[in-house]
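Enquirer: Please model the complete structure; the sequences and the hints are all you need to start from.
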Amino acid sequence: MYLLHRCLLSAFGSSCNLASWSILYLFLCVCIFGVTVMKGAVSFGDQVEISSGDSSSSNTDDRKTESKWMKNTITVDQPLSEWDSEDSILRRARMYQEYMKVVPLPTQRGFVIPLTSWVGLASSMKELYGQPLHYLTNVHMKKLDSMRFGSDNEDVPLDTIIDPSKAEATIWLIEEVHRSTSSHHYIARLWLADPMYHIHVDAIFPKLQNSSK
Numbered sequence: 055m056y057l058l059h060r061c062l063l064s065a066f067g068s069s070c071n072l073a074s075w076s077i078l079y080l081f082l083c084v085c086i087f088g089v090t091v092m093k094g095a096v097s098f099g100d101q102v103e104i105s106s107g108d109s110s111s112s113n114t115d116d117r118k119t120e121s122k123w124m125k126n127t128i129t130v131d132q133p134l135s136e137w138d139s140e141d142s143i144l145r146r147a148r149m150y151q152e153y154m155k156v157v158p159l160p161t162q163r164g165f166v167i168p169l170t171s172w173v174g175l176a177s178s179m180k181e182l183y184g185q186p187l188h189y190l191t192n193v194h195m196k197k198l199d200s201m202r203f204g205s206d207n208e209d210v211p212l213d214t215i216i217d218p219s220k221a222e223a224t225i226w227l228i229e230e231v232h233r234s235t236s237s238h239h240y241i242a243r244l245w246l247a248d249p250m251y252h253i254h255v256d257a258i259f260p261k262l263q264n265s266s267k
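For the sequence shown, the numbering used here assigns the number 55 to the initial residue and increments by one for each residue that follows.
Hints listed in this document are in silico derivations from the structure and should not be mistaken for laboratory results.
Each hint should be verified, as a subset may be incorrect.
DSBU-like mimics (lysine-lysine), calculated; alpha carbons at most 30 Å apart, straight line [what the hints assert, rightly or not]:
id, residue 1, residue 2
1, K261, K220
2, K196, K220
3, K155, K196
4, K220, K155
5, K261, K155
6, K180, K220
7, K197, K180
8, K196, K180
9, K261, K180
Just so it is clear, the structure is predicted and the values come from calculations on it, not from any experiment.
Expert: In structure tokens form, the structure reads like this:
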């Protein structure tokens, strides 16, 4: 502003009356301020455009529900970082839940899988059917095993207590509930409370048919 003041004095000197000089001075200040604001607006607009583009791309990919998109877009199998905001975690949870909804449950079952623990049975099912289990299902399996700690039959293999076929059917029923009815808001709250949530997210992506939605 000081340089602007000196330039005006050099250009017009004292021949310009006070009113005219003030109007010209104000006009130039407004012009400079406007250019500065426009530069800031362009910078902010670029950021918004990138963010909006990501959201639009995610929405499109959500409808396609391709396994390739799941691999490249959703990073739910990565630990939380200090840069992850609540909005980004909520967006991850929403995309994850929408994806899990369209993963079809296997229709051909009936294999007899050795059952020593709930987590072990779940792992065998994933390998056998090439299917992920829901984050909530994996957490639940871990809780079922922990419930046995201190019991009289803690070290007894489960298949001597529970029929393996019934145990597998139970897991698929729980899985169907989690895939079909879980709220992504609830999942996001759990992820925000547990920076290591990704250890319960399966990096298994079965090939899907394109959704018509």
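Enquirer: Now, for every hint given, state plainly whether the structure supports it.
Expert: We went through each hint and held it up to the structure:
1. The hinted pair formed by K261 and K220 meets the criterion: a straight-line CA distance of about 27 Å does not exceed 30 Å.
2. For the given pair, K196 sits about 18 Å from K220 by alpha-carbon distance, which is consistent with the 30 Å threshold.
3. As the CA atoms of K155 and K196 are separated by approximately 22 Å, the hinted pair is consistent with the 30 Å bound.
4. Between K220 and K155 the alpha-carbon distance is near 23 Å, which keeps this suggested pair within the 30 Å criterion.
5. A distance of roughly 14 Å separates the Cα atoms of K261 and K155; the hinted pair therefore holds under the 30 Å criterion.
6. Between K180 and K220, the direct Cα distance comes to roughly 17 Å. Compliance with the 30 Å bound is thereby established for this hinted pair.
7. For the hint pairing K197 with K180, the CA-to-CA distance comes to about 18 Å; that is within 30 Å, so the pair holds.
8. Under the criterion of a C-alpha separation no larger than 30 Å, the hint pairing K196 with K180 is consistent with the structure, at around 15 Å.
9. Distance check on the hinted pair: K261 and K180 sit about 14 Å apart at the alpha-carbon level, within 30 Å; holds.
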